[in-house]
Amino acid sequence: MSNRVAVLLGAAVLFLFALSVLAPWSVIRDLLQQDRDLGWAVIRELRLPRALLALVYGAMLGAAGAAIQALFANPLASPDLTGTTSGAALGAVVTAYILGFASPVALSIGAVGGALAALLLLIALAGPRAETATLLLSGLAISALAGALTTLALALAPSPFAFYDAYDWLMGSLVDRSLAQAAFAGVPALLTVLLLLRLGGPLDLLTLGEDVVQSLGHDLRRLRIAIVALTAIGVGACVAICGAIGFVGLVAPIFARRISRGHPGGAILPAAMIGGGLLLAADLVTRAAPLGRILPIGVVTALLGAPFFLWLVAHMRWSLSR
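Take the sequence shown: its letter number 255 is residue 246 in this note's numbering, and every next letter is one higher.
In short, the hints are calculated from the structure, not lab data.
Treat the hints with care, since some could be wrong.
Beta-carbon label-pair distances, calculated as ranges [said to hold, decoys possible]:
1. L199 - F154: 48 to 56 Å
2. F6 - R215: 32 to 40 Å
3. A220 - A97: 18 to 26 Å
4. A174 - D202: 39 to 47 Å
5. P151 - I216: 36 to 44 Å
6. F152 - S94: 39 to 47 Å
7. G253 - T125: 18 to 26 Å
8. L90 - R252: 45 to 53 Å
The C-beta atom is built at its ideal place from N, Cα and C for all residues, glycine as well.
All chains, please: the whole structure from these sequences, using the hints.
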């Protein structure tokens, strides 16, 4: 990624972040006029945590998606399509509504465990270098299983309001989160991004073949374990606080690979920047919905990402048929 592209991406993300913090414009009016305390309170308690969560969650999804796509050598691999996000949501729901532990630490542990189990099951079913059809079928099977088990867990929960309370995990939401929650999800997410960036070199070498990676002194098994573990930690921590949000981890790496000129490792940083910007933009869309209410952000990303996914599958099929 050239310096010029990095500056442009950074400026776009900063603009979206500032727009997310300051919108609606009544906040600016309060800051400029007499009621500055109210304006700062709205920013501190409502807008800033929401914008920070959108930024770090999107960046983590983008970076994790790029790493998973490089690991499986497949452009359709992403945290949501591999069942990782669904597994994390299942782990959080079981921890909160079946085991009865609702603290952020317990939810994160449960979500990380669910995400890790989903990824390990995917590797067991599809193999470490799965073909597109095998990867998609395995991911869909894991997602369907995790979704069914999540519904079963909520149906068996002691609380009759379990389905309503779990709405955030099922649909994804950034509303009414605190700065403490933003930090709780943001620290593991940022660490995930930074550590995945350090694995960019070995991921680039994977394009030359597994034998080349091993001949240069890289342990391929440790590389796979590291990517699986980091993805599970990042996805689990964010899902525990914000719920399941899909398609960002698919879309961002695809655009990032064009910027990095096909280098899988070099796509991690631009994918993180694009992912953060995409989720910030999606959050702005949720507030602009003409329905008198805020839409779940997971619905917005699905409405934007699903058509893109269908186009991608059709494009790949057309390319293979030529």
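For each hint, the structure was consulted:
Checked against the hint of 48 to 56 Å, the pair L199 and F154 passes, with Cβ atoms roughly 49 Å apart. In this structure the supplied range 32 to 40 Å holds for F6 paired with R215, their Cβ-Cβ distance being about 37 Å. Between A220 and A97 the beta carbon distance is about 19 Å. The supplied range of 18 to 26 Å therefore holds. Distance hint check for A174 and D202: the Cβ-Cβ separation is about 43 Å, which falls inside the suggested range of 39 to 47 Å.
At roughly 41 Å, the beta-carbon separation of P151 and I216 lies within the given 36 to 44 Å, and the hint holds. Distance hint for F152 and S94: a CB-CB separation of about 19 Å, inconsistent with the stated range 39 to 47 Å. The beta-carbon spacing between G253 and T125, approximately 23 Å, falls within the hinted interval of 18 to 26 Å. At roughly 47 Å, the beta carbons of L90 and R252 sit within the given window of 45 to 53 Å.
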